[in-house]
Amino acid sequence: MMNFDVDALLKSLPTMGWGMLGIFMVIGIIMLIIWILGKVFPVRKEDNKENK
Amino acid sequence: MEQLFSNLLAIDWSTQWKMVVMWIIGGVLIYLAIKKDMEPALLLPMGFGAILVNLPFSGAVTQGVEEGPIDVLFNAGIANELFPLLLFIGIGAMIDFGPLLSNPKMMLFGAAAQFGIFFTLSLASFLGFEPKDAASIAIIGAADGPTSIFVSQFFKSNYVGPIIIAAYSYMALVPIIQPAVIKICTTKKERLIRMPYRPKSVSKTTKIIFPIVITVVAGIFAPKSVALVGFLMFGNLIRECGVLNSLSESAQHELANLVTLLLGLTVSTKMQAEAFLSLETLMIMGLGLIAFIFDTAGGVIFAKILNIFLKEKINPMVGAAGISAFPMSSRVVHKMGLEEDPQNFLLMHAAAANVAGQIASVVAGGLILTLVQI
Chain A
1 MMNFDVDALL KSLPTMGWGM LGIFMVIGII MLIIWILGKV FPVRKEDNKE NK
Chain X
1 MEQLFSNLLA IDWSTQWKMV VMWIIGGVLI YLAIKKDMEP ALLLPMGFGA ILVNLPFSGA
61 VTQGVEEGPI DVLFNAGIAN ELFPLLLFIG IGAMIDFGPL LSNPKMMLFG AAAQFGIFFT
121 LSLASFLGFE PKDAASIAII GAADGPTSIF VSQFFKSNYV GPIIIAAYSY MALVPIIQPA
181 VIKICTTKKE RLIRMPYRPK SVSKTTKIIF PIVITVVAGI FAPKSVALVG FLMFGNLIRE
241 CGVLNSLSES AQHELANLVT LLLGLTVSTK MQAEAFLSLE TLMIMGLGLI AFIFDTAGGV
301 IFAKILNIFL KEKINPMVGA AGISAFPMSS RVVHKMGLEE DPQNFLLMHA AAANVAGQIA
361 SVVAGGLILT LVQI
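Respectively, the protein sequence lines represent chains A and X.
Numbering-wise (my numbering), the first sequence opens with residue 1 and increments by one.
Numbering-wise (my numbering), the second sequence opens with residue 1 and increments by one.
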């Protein structure tokens, strides 16, 4: 332990990139779904009563 | 009498000092749980367990061929990732996705505040940890105990004990860690940005369909996360469906409490002195702290970048709530907002980002499982 492994660091950088890209992609898709759900299932009178 | 003291006489105290250190650590955890109210539901069982498994010839853990009950519980509930998943049903039943569904752009902060995970993955690799251990350490940054247990157990990491201790300790330290990082990353002017709250109603149908659709999306894009996401969303579906109120209540209280109790005690089997007291444990605690710091900074800096393009500015402190430590993080941001300007109420925005962090941290866990090859 405590041997600095530059090769391992360089190998892990693509994982960092793909990981952050992947998470923003999935979150973007979820945002799109929330937007679509809001359009397809708008708030009805009963929902307003429940929300209150 | 000789029989009675034979065990005591058989102990070689010159080599068993590590056990005494573990008793002290166990005592500190119990103290923090009771006196400082730091995640008491977990730190107290873990502290007691640390003492229990570090008694000479402890019958609580496996000795030779004789299986100990704590190891039996570990194999039955943690080695197969069952306990964290059951806990996720309870957590799902506790979460109200309403603030997020009415303000979906807050989801972006959930994503940005996972940066610490991936940064720590690289840092741990650089420090010489094997990929499976680096990935398990990085997930401390998910600020989500069950996800940390799930991922570290999936990779069969050698450091499950320290990782879980770090994950839960830092979650309890969110009110100390986050304000310091937020202040470093923001100016006073930025912290004073007001964000008016315009609540939008969300239909009941949306609230019911949301957990089902998210499970499907997670299954398609990050299949390895589907167990975590699925159990979380199942708990939320029970809450939102409106016809299973008693099950929802049971999941939020009895199930969550019971699993938490067993989880804390069972995890302690990984706190046996020989394996726990090492330089690696100290490094893991340090890396866990770095993960939390970079998560917070990631969320705040992302908000600042967004502000370059937005007409209606976002208070960058809200970005920090994108970590999964719910609801502590949103409370911290709200409190900081009020300290800067007593008329600035950031709670609902921060809560939306915080709930987004719950989803994003689980997705990040799934991505780590997918991307890290062992």
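If you're looking for bench data, these hints aren't it; they were derived computationally from the structure.
All values derive from a computational prediction rather than experimental measurement.
One thing to keep in mind: the hints can contain errors.
[As the list claims (entries may be wrong)] Listed next, the in silico SDA-like pairs over lysine to any residue satisfying Cα-Cα at most 25 Å (straight line): (1) X:K105 with A:G17; (2) A:K11 with X:G286; (3) X:K36 with X:P327; (4) X:K204 with A:M31; (5) A:K11 with X:Q373; (6) X:K311 with A:K11; (7) X:K311 with A:M16; (8) X:K200 with A:L32; (9) X:K132 with A:L32; (10) A:K11 with X:I290; (11) X:K200 with A:G17; (12) A:K11 with X:L127; (13) X:K200 with A:F41; (14) X:K224 with A:G28; (15) X:K304 with A:G17; (16) A:K39 with X:P196; (17) X:K132 with A:R44; (18) X:K311 with A:M31; (19) X:K200 with A:I36; (20) A:K11 with X:L289; (21) X:K132 with A:L9; (22) X:K224 with X:L277; (23) X:K304 with A:F24; (24) A:K11 with X:P327; (25) X:K132 with A:G28; (26) X:K313 with A:W35; (27) X:K224 with A:M20; (28) X:K313 with A:L32; (29) X:K224 with A:F41; (30) A:K11 with X:F154; (31) X:K105 with X:K183; (32) A:K39 with X:R198; (33) A:K11 with X:E130; (34) X:K224 with A:L21; (35) X:K311 with A:W35; (36) X:K156 with A:L9; (37) X:K313 with A:D7; (38) X:K204 with A:M16; (39) A:K39 with X:T205.
Now the hints, each set against the structure:
1. X:K105 with A:G17: holds, 22 Å
2. A:K11 with X:G286: At roughly 22 Å apart (the allowed maximum being 25 Å), G286 (chain X) and K11 (chain A) satisfy the hint.
3. X:K36 with X:P327: holds, 18 Å
4. X:K204 with A:M31: holds, 18 Å
5. A:K11 with X:Q373: holds, 11 Å
6. X:K311 with A:K11: violated, 40 Å
7. X:K311 with A:M16: violated, 31 Å
8. X:K200 with A:L32: Holds: K200 (chain X) and L32 (chain A) sit about 17 Å apart, inside 25 Å.
9. X:K132 with A:L32: Violated, at about 33 Å.
10. A:K11 with X:I290: It holds: about 20 Å lies between the C-alpha atoms, which stays within 25 Å.
11. X:K200 with A:G17: violated, 35 Å
12. A:K11 with X:L127: holds, 13 Å
13. X:K200 with A:F41: holds, 13 Å
14. X:K224 with A:G28: Holds, at about 19 Å.
15. X:K304 with A:G17: OK: K304 (chain X) and G17 (chain A) at ~20 Å, within 25 Å.
16. A:K39 with X:P196: holds, 23 Å
17. X:K132 with A:R44: violated, 49 Å
18. X:K311 with A:M31: holds, 20 Å
19. X:K200 with A:I36: holds, 15 Å
20. A:K11 with X:L289: holds, 23 Å
21. X:K132 with A:L9: Holds: K132 (chain X) and L9 (chain A) sit about 14 Å apart, inside 25 Å.
22. X:K224 with X:L277: With a Cα-Cα distance of about 32 Å, the restraint between K224 (chain X) and L277 (chain X) is violated, given a limit of 25 Å.
23. X:K304 with A:F24: holds, 17 Å
24. A:K11 with X:P327: violated, 35 Å
25. X:K132 with A:G28: Status violated; Cα separation ~28 Å.
26. X:K313 with A:W35: holds, 21 Å
27. X:K224 with A:M20: holds, 17 Å
28. X:K313 with A:L32: holds, 22 Å
29. X:K224 with A:F41: violated, 30 Å
30. A:K11 with X:F154: Judged against 25 Å, a Cα distance of about 21 Å means the pair holds.
31. X:K105 with X:K183: holds, 24 Å
32. A:K39 with X:R198: The given pair, whose Cα atoms are some 18 Å apart, holds under the 25 Å limit.
33. A:K11 with X:E130: Given that 25 Å is the threshold and the Cα spacing comes to 12 Å, the pair holds.
34. X:K224 with A:L21: The given pair, whose Cα atoms are some 17 Å apart, holds under the 25 Å limit.
35. X:K311 with A:W35: Given pair K311 (chain X), W35 (chain A) holds - Cα atoms ~21 Å apart, limit 25 Å.
36. X:K156 with A:L9: holds, 21 Å
37. X:K313 with A:D7: Violated: K313 (chain X) and D7 (chain A) sit about 41 Å apart, past 25 Å.
38. X:K204 with A:M16: Distance ~37 Å between K204 (chain X) and M16 (chain A) Cα, so the pair is violated.
39. A:K39 with X:T205: Status holds; Cα separation ~12 Å.
When each numbered hint is compared with the structure, violations occur for hints 6, 7, 9, 11, 17, 22, 24, 25, 29, 37 and 38.
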